[in-house]
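Start counting the sequence shown at 2; every next residue gets the next number (the numbering used here).
Worth double-checking, as some hints may not be accurate.
To be verified - Below, in silico cross-link-like pairs of lysine-lysine (BS3-like), each with a Cα-Cα straight-line distance of 27 Å or less:
hint	residue 1	residue 2
1	Lys-41	Lys-3
2	Lys-26	Lys-3
3	Lys-41	Lys-26
These aren't lab readings, by the way, just hints derived from the structure by calculation.
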Amino acid sequence: MKVTCRVCGQTAEVAIWSEEYERLKTAEDPAYICDACAQKIRVEAQNEQPH
Numbered sequence: 002m003k004v005t006c007r008v009c010g011q012t013a014e015v016a017i018w019s020e021e022y023e024r025l026k027t028a029e030d031p032a033y034i035c036d037a038c039a040q041k042i043r044v045e046a047q048n049e050q051p052h
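Using the sequences and the accompanying hints, generate a full structural model.
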C-alpha cells in the first residue's frame, strides 16, 4: 500500500503484513506520518514542555 506523509508529502510503501497497514486499512480517514516527521514532532513537543 502506498501512503503519503501528511506533513512533508513523501510517499512510502507500507508492507501488507505490518501493524501500520492494518491500522491504516481500518481507519476511516487514515493519517500517515513518516518516521522522520514523527521524530521531528516528538522532539519539538518535548522542547515546548516546561522543565
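Output the indices of the hints that this structure fails to meet, ascending.
none
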